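Novice: Protein sequences appear in the order of chains A and R.
Note that full-length UniProt numbering numbers the first sequence so that position 252 is 252, with each residue one more than the last.
Note that full-length UniProt numbering numbers the second sequence so that position 93 is 93, with each residue one more than the last.
No lab work stands behind these hints, which were simulated from the structure alone.
Small disclaimer: the values here were computed from a predicted structure and weren't measured.
Worth double-checking, as some hints may not be accurate.
Pairs of lysine-lysine, DSS-like flavour, derived with a Cα cap of 27 Å [as the list claims (entries may be wrong)]:
# : chain 1 : residue 1 : chain 2 : residue 2
1 : A       : LYS263    : A       : LYS282
2 : R       : LYS83     : A       : LYS83
3 : A       : LYS41     : R       : LYS231
4 : A       : LYS83     : R       : LYS231
5 : A       : LYS83     : R       : LYS180
Below, each chain spelled out in residue letters.
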Amino acid sequence: MLVHHLLRGTILSGFAFLIVYLTKTDQLALYIAPRMATYVKLSAIGLYAASMYQFYLVFRIWSGSRTEPDCDCDHTPSPSLTKNTMIYGLFLLPLCLGFLLPNTIMDSTIAAKKGMSLNGAINIARPSEAKASGTGNSPSLADASPSNSTQGRAAPSPDDMFPSDVYTESYAAYAKKLYTQDLIEVSEKQFIEILTTLDLYREPFLGKQVALSGFVYREPEMSASRFALSRFAMNCCSADALPYGLMVTYPKAEKYKNDTWLKITGTLELSEYKGNPVLQLKAAELESIPAPDSPYVYPDYDFGS
Amino acid sequence: MSTFVLRWATPLVTLTCIGLMLLIVMNRDISFLRLDMSSLHSFKILFISLILEAFPFILLGVFASSLLQVFVSDRVIQQLAPKNPIAGVLFGSLLGILFPLCECGMIPVVRRLIHKGMPAYIGIVFILAGPILNPIVYTSTYTAFRSQPQIAYSRMGLAFAVTVVIGLLLYRFMRENPLKEIHSHRHAHHGYHHSDHHSHGQHHHDGGSARGNRMGSILAHASDEFFEMGKYLLFGALLTAFIQLAVSRETLLGIGEHPMLSNLFMMGFAFILSICSTSDAFVASSFNGTFNAGSLLAFLVFGAMIDFKNTLMLFSVFRAKIVLWIIALTFLLVLAGSYLFQYFFF
Numbered sequence: 001m002l003v004h005h006l007l008r009g010t011i012l013s014g015f016a017f018l019i020v021y022l023t024k025t026d027q028l029a030l031y032i033a034p035r036m037a038t039y040v041k042l043s044a045i046g047l048y049a050a051s052m053y054q055f056y057l058v059f060r061i062w063s064g065s066r067t068e069p070d071c072d073c074d075h076t077p078s079p080s081l082t083k084n085t086m087i088y089g090l091f092l093l094p095l096c097l098g099f100l101l102p103n104t105i106m107d108s109t110i111a112a113k114k115g116m117s118l119n120g121a122i123n124i125a126r127p128s129e130a131k132a133s134g135t136g137n138s139p140s141l142a143d144a145s146p147s148n149s150t151q152g153r154a155a156p157s158p159d160d161m162f163p164s165d166v167y168t169e170s171y172a173a174y175a176k177k178l179y180t181q182d183l184i185e186v187s188e189k190q191f192i193e194i195l196t197t198l199d200l201y202r203e204p205f206l207g208k209q210v211a212l213s214g215f216v217y218r219e220p221e222m223s224a225s226r227f228a229l230s231r232f233a234m235n236c237c238s239a240d241a242l243p244y245g246l247m248v249t250y251p252k253a254e255k256y257k258n259d260t261w262l263k264i265t266g267t268l269e270l271s272e273y274k275g276n277p278v279l280q281l282k283a284a285e286l287e288s289i290p291a292p293d294s295p296y297v298y299p300d301y302d303f304g305s
Numbered sequence: 001m002s003t004f005v006l007r008w009a010t011p012l013v014t015l016t017c018i019g020l021m022l023l024i025v026m027n028r029d030i031s032f033l034r035l036d037m038s039s040l041h042s043f044k045i046l047f048i049s050l051i052l053e054a055f056p057f058i059l060l061g062v063f064a065s066s067l068l069q070v071f072v073s074d075r076v077i078q079q080l081a082p083k084n085p086i087a088g089v090l091f092g093s094l095l096g097i098l099f100p101l102c103e104c105g106m107i108p109v110v111r112r113l114i115h116k117g118m119p120a121y122i123g124i125v126f127i128l129a130g131p132i133l134n135p136i137v138y139t140s141t142y143t144a145f146r147s148q149p150q151i152a153y154s155r156m157g158l159a160f161a162v163t164v165v166i167g168l169l170l171y172r173f174m175r176e177n178p179l180k181e182i183h184s185h186r187h188a189h190h191g192y193h194h195s196d197h198h199s200h201g202q203h204h205h206d207g208g209s210a211r212g213n214r215m216g217s218i219l220a221h222a223s224d225e226f227f228e229m230g231k232y233l234l235f236g237a238l239l240t241a242f243i244q245l246a247v248s249r250e251t252l253l254g255i256g257e258h259p260m261l262s263n264l265f266m267m268g269f270a271f272i273l274s275i276c277s278t279s280d281a282f283v284a285s286s287f288n289g290t291f292n293a294g295s296l297l298a299f300l301v302f303g304a305m306i307d308f309k310n311t312l313m314l315f316s317v318f319r320a321k322i323v324l325w326i327i328a329l330t331f332l333l334v335l336a337g338s339y340l341f342q343y344f345f346f
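Model the full structure from these sequences, guided by the hints.
Specialist: The following block contains the structure:
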């Protein structure tokens, strides 16, 4: 019994310290989206409290003041040694992985498994009957302004350039804002929203200057002069993250290996990939950058509301 | 040792065989199994993120279950639980609106409630309906399918219909206690004992030790249950991370292209992915265009009710026969329902 409590206490506090360690080293974001992080941090407190109780029981049993916990529930662990080894091994495995292996960011290995999203979008649906999509809760033209890149001096663009219905109103409004910019900077905060808007309307943006940063990823079908520049878009945790980005064309594309982080400025053009039309960035300026501290992007929950 | 081998050898061999058969079907060799560094890192990221994501929910679940155990008497539960089966099924399926928990947090609570005398069919209905019929999941589905709000409505509608049917069937046909290993001890005295304390106000005198005991037994229950449930969660996360890395989405898409098979395929895919019901809508929306709305609906409803991770947890709590029945019923009803919705609504 003593050994069990000791092991359990160690494992519980191990998980608590793993969470603390990841938080302290700013690496929690590699696993969990920010909106989930608070709950994970809170759970560290629960784990820690439970582990302290296990150690307290160890102390009580060891000092002889109690031999059995006073709980009448049948939680007694299995007597089989093999089974116990396997169970505790299962709990120790993520702890070992977590503490011993260096933390890395998701790269092209995972991207290859998850499948790249180059057109359409992750949080937008393009119904087959109508090329339309948009925001749900309260679409309003006035509030759809992006936070940093534009100053809201939307030139009165003709509405027929950016047609919209009740679902796409906020994207249309955003498109009008983006259209007035000479250089469309794809910011981290609204990465998904900007790429979605560009892809939704395509034609008016062809020939526009666009700058974005991401990692290089290739699919076997891509020609030598092409790669995808993408970011992982995460909703909740790494398990639901999907790579999301733009096709890039550059004559000397082979120079850049997979998983290189680049900032690319170029011109938007329409091209074709696997028989479908895709937006493509004709790269003019390529700059190698270090992988950012926050490598992933998240849906902007304030967008269009 | 020998019982251990007997108990685990057959399922393990079966799983291995299924895996190998899949490889043959998909024309793949096992070269991807090689442990290069980058795969190991990828595995680590997925494995740990799945665990971390589930921690808050499972802790909430085990602490809620311990609080129930220590503070709420069996009598209260039995009085509160509806007697009428229709009311019971409705109660179970709509309980998620009050307690928006993830399925991994729900199972320990439901087990405790059933132990304490809540009719089992209500608990099972709650396990199935709770992950879908709650405000958080509704909002995330609505956001993910902004241009097709009917997906969010039909997800709620189909989930409700399926759980009501399953609940009534269970009420009618389930006669035995569905929980594994009926414990012979008395859970009752905890609750009565403590409520007596409260009613007489005696906790002022011996408050310190009583409160200490209660805190202690909450922590004891919670950490015991954490390990009981956690081992299935971890095993599920381990396999899920492995499958996500071993089988690429492209391969899966190749299988799922046939229109009649796509519903089946999406349900299988949801089962394998085992992602939380609050975020699966975003993954489903990335399939929009590749798959029709009916199969996305099948993905959204079936995956939230039954998936790899929670099947293991269900087997740990309920009798195997009941779990298999629940899975089969859910599977058939969701499949039929998704075809019907596709036909009439999309």
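Novice: Evaluate each hint against the coordinates.
Specialist: Status of each hint after checking the structure:
1. LYS263(A) to LYS282(A): 13 Å, holds
2. LYS83(R) to LYS83(A): Since the Cα atoms of LYS83(R) and LYS83(A) sit roughly 41 Å apart, the hinted pair is violated (cutoff 27 Å).
3. LYS41(A) to LYS231(R): 21 Å, holds
4. LYS83(A) to LYS231(R): 11 Å, holds
5. LYS83(A) to LYS180(R): 19 Å, holds
Consistency with the previously given hints fails for number 2 only.
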